[in-house]
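Chemist: Sequence:
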Amino acid sequence: MRRHRSYQISSHSNYKNALLDWSKDHEIVAWMDSNEHHDKYSSYDVLLAIARQTDKSVFEAKSIDDVQKTIDKEKDWLFGYISYDIKNETEELHSKNIDGLDFPELYFFRPEKIIYIKDGKLIFSYLEELQHEIDDDYLQIRSLFHSKNTKSHLTESVRIKMRIHKDGYFEKANKFLDHIHRGDIYEANFCQEFYAEETTIDPLETYKNLNRISEPPFATYLRIGDKYLLCASPERYLKKEGQTLVSQPIKGTAARGESTLQDEELKHKLENDAKERAENIMITDLVRNDLSKSALKGSVKVEELCKVHSFKQVHQMISTITAKVPKSKKPLDLIKETFPMGSMTGAPKISAMKIIEDLEETKRGLYSGTVGYIDPEGNFDFNVVIRSILYNDSRKYVSFSVGSAITSKSNPESEYQECLLKAKAMRSVLETSKA
Numbered sequence: 017m018r019r020h021r022s023y024q025i026s027s028h029s030n031y032k033n034a035l036l037d038w039s040k041d042h043e044i045v046a047w048m049d050s051n052e053h054h055d056k057y058s059s060y061d062v063l064l065a066i067a068r069q070t071d072k073s074v075f076e077a078k079s080i081d082d083v084q085k086t087i088d089k090e091k092d093w094l095f096g097y098i099s100y101d102i103k104n105e106t107e108e109l110h111s112k113n114i115d116g117l118d119f120p121e122l123y124f125f126r127p128e129k130i131i132y133i134k135d136g137k138l139i140f141s142y143l144e145e146l147q148h149e150i151d152d153d154y155l156q157i158r159s160l161f162h163s164k165n166t167k168s169h170l171t172e173s174v175r176i177k178m179r180i181h182k183d184g185y186f187e188k189a190n191k192f193l194d195h196i197h198r199g200d201i202y203e204a205n206f207c208q209e210f211y212a213e214e215t216t217i218d219p220l221e222t223y224k225n226l227n228r229i230s231e232p233p234f235a236t237y238l239r240i241g242d243k244y245l246l247c248a249s250p251e252r253y254l255k256k257e258g259q260t261l262v263s264q265p266i267k268g269t270a271a272r273g274e275s276t277l278q279d280e281e282l283k284h285k286l287e288n289d290a291k292e293r294a295e296n297i298m299i300t301d302l303v304r305n306d307l308s309k310s311a312l313k314g315s316v317k318v319e320e321l322c323k324v325h326s327f328k329q330v331h332q333m334i335s336t337i338t339a340k341v342p343k344s345k346k347p348l349d350l351i352k353e354t355f356p357m358g359s360m361t362g363a364p365k366i367s368a369m370k371i372i373e374d375l376e377e378t379k380r381g382l383y384s385g386t387v388g389y390i391d392p393e394g395n396f397d398f399n400v401v402i403r404s405i406l407y408n409d410s411r412k413y414v415s416f417s418v419g420s421a422i423t424s425k426s427n428p429e430s431e432y433q434e435c436l437l438k439a440k441a442m443r444s445v446l447e448t449s450k451a
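Numbering (this note's numbering), first residue to last: 17 to 451.
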């Protein structure tokens, strides 16, 4: 059982900062921020979930089915992630590439404390045995609201290394093209890692800086002990609200212009780019097929096709696909049927994943996986883990990865430049940090 209390607030952004600062001493934290992006499928402005490392709220899930069993038993909120490599559980696949991060492949927890902002209110939802802490926690958060933020000095300037250098990238991109020309696949998302070893960063300040320059709709700060995700994702993987499923894959990226005129020109060029539209349509079709595995007959619809949305760093081409599913359908079954997301794999999905594993250098792990929540009614919302920095504090290892879709019309140089554009925000945040 949970107890709830709400407080009217006047300053959305200041309370966001206060909540984040208040969370920093907790061992297990999930923070999800819409950055005030609102559409018909939005639910919360901000969600914060907290648990203690030793608490019964943290359970060991070895499989997706274990997570579903916990949902059936507890009928409470769960927050957590599913890494890309859970594909090996849902399909006959494997992952044997380099892994410098050592994150668990799957992690969920039942939070003791949930705090969220919605409709101008700060709302507390605590386990019944902790309801007496709500007033004290609110007062602590209010005190942080009125205090000046002092930045940590633990972050050093990070020297980024590339796992695949330019010549190697071209060679591998051409191998993807060989597979496409032979008819093995139509499209594949080819990713590469940027990393730093023996490096210390301040995860919370790094996240704040990354979010500040990107302000995406699916930003996430996740801490699990010594492991951190700092995520500035613009992409929704899958949301369930009642019987409605929503997926919003991104395929197609362009830089923002330096002037209003140039910006509009770049946006217009992306809207009419035949290659980018072809990429998006292929993945939209793949998502339609994935959703149809559970959808009620005739309910799968493409609500938006190849619509360009503008963010602070880039323009993105996004499609929105919806479906209706039976009331009896379990949340994790819907995820198993659609994971990993088509925008990060390719078409056909299984063939693309096999080729990706062969040609990429790094185990993807949480990158191109998903982070989100499942509520007591079985509704959920999960993002796509892209535009993200991953950090293992014990190993002093920092990593971020980027990718682009390879199709028959791809030019390796253009794909390489798209990767560098996507890497810009993460790289600038890390390389301009001060020791």
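Hints are computed from structural coordinates only; laboratory data are not their basis.
Keep in mind that the hints are not guaranteed to be accurate.
Below, computed lysine-lysine pairings styled on BS3-like, alpha-carbon distance capped at 30 Å [said to hold, decoys possible]:
#, residue 1, residue 2
1, LYS345, LYS328
2, LYS291, LYS243
3, LYS243, LYS85
4, LYS40, LYS243
5, LYS85, LYS32
6, LYS78, LYS91
7, LYS370, LYS352
8, LYS177, LYS191
9, LYS177, LYS56
10, LYS328, LYS346
11, LYS317, LYS352
12, LYS224, LYS328
13, LYS323, LYS425
14, LYS89, LYS346
15, LYS224, LYS137
16, LYS191, LYS285
17, LYS191, LYS346
18, LYS177, LYS440
19, LYS56, LYS317
20, LYS78, LYS346
21, LYS134, LYS40
22, LYS40, LYS177
23, LYS112, LYS85
Chemist: State the violated hints by number, sorted upward, taking the hints as numbered earlier in the document.
Modeler: Result: hints 1, 2, 5, 9, 10 and 17 break, sorted rising.
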